[in-house]
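Modelling step: build the complete structure from the supplied sequences, incorporating the hints.
Following this note's numbering, the numbering of the sequence shown begins with 18 at its first residue and continues without gaps.
30 Å max Cα-Cα, derived BS3-like pairs, lysine-lysine:
no., residue 1, residue 2
1, Lys321, Lys232
2, Lys327, Lys235
3, Lys232, Lys289
4, Lys197, Lys112
5, Lys221, Lys235
6, Lys197, Lys20
7, Lys289, Lys221
8, Lys232, Lys221
9, Lys197, Lys321
10, Lys235, Lys289
11, Lys321, Lys235
12, Lys112, Lys20
By construction, these hints were calculated from the structure, which means they are not laboratory data.
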Amino acid sequence: MEKIGIIGAGLIGRAWAIVFARAGHVVKMYDADAATVPQAIELIRAALVDLRAAGLIRESPETVAARITGAATLELAVGDADYVQESVAERLEVKRAVLRQMDIAAPGGCILASSTSTLPASAFTAELPGRHRCIVAHPVNPPHIVPVVEIAAAPWTDAGVVERTRDLQRRVGQTPIIVKREVPGFILNRLQAALLNEAWRLVKEDYVSVEDLDKVIKDGLGLRWAIMGPFETIDLNAPGGITDYASRYGPVMQGLMHGVTYEPWDARLVQKIDAERRRIMPQSQHAEREAWRDRRLMALIAHKRGWDAKSD
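The structure is reproduced here in structure tokens:
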């Protein structure tokens with residue numbers, strides 16, 4: 018099995034370590050803050066207990082956690098790796114510096130992947146001798162529960178690296194999708210941005226409350242989107258499929274957004290939405306609610322896997 022290096026032991030790095038370790042891979046984790054790695058491993062152990070309880074891992078948490086070890090230096094984490102997942106701060110200069118170190122220290126055949134959410138690979142790999150093996154593998158938070166991974170190559174990334182990355186992600190239980198060419202924010206964040214900007218506008222212009230808007234998604238659109246995407250949704254929403262839907266509703270859908278522009282989320286609007294959220298959930302309950310979210314997502318993933326197993 019491939020040896021995996023994890024650079025960055027924060028939330029995303031920890032989750033990636035779980036993804037690879039539960040699939041049987043040996044994982045070495047490094048963080049510039051040495052104290053972070055032991056803490057990360059303890060948090061990983063706790064997350065594995067929840068995964069086991071949800072039926073999302075078959076092995077014991079102890080068995081999976083034993084595959085993850087800390088590395089004292091970046092060089093030790095990547096020196097014999099076949100694949101490295103970088104999850105450091107989302108700052109261009111930091112990415113450039115870390116990828117430069119990875120390119121020097123990792124074996125020639127090792128894939129160097131970044132978890133960046135917004136930066137194209139070309140922005141921080143252009144000057145690297147090994148730029149052909151660099152790629153973005155952008156996860157969804159938290160990646161050990163939500164399986165989609167956006168694989169986005171730079172113009173110079175070798176085609177074999179794209180295929181090897183997609184193959185690895187499939188084998189560790191993720192759902193890889195290919196971003197055909199670089200676009201700011203990749204695919205998921207652009208779709209999320211479109212929805213969020215309209216959500217903020219509707220609240221700002223007092224069409225709906227924060228609480229009710231969330232209900233529209235979780236008890237409306239989100240129910241359909243949990244089992245199918247927007248194109249399949251509209252395909253099934255008209256008797257004649259996509260062409261029928263487009264002829265019936267295309268002009269209406271386009272007209273709804275005609276002339277709409279989106280302004281920055283100004284401080285006053287942020288305070289308004291934050292105040293509504295704090296009435297619903299005090300900030301003191303944030304960590305508790307995060308854990309609740311993860312458990313609910315685990316239950317949903319386990320349920321969907323049950324469907325897949327029955328091949329309905």
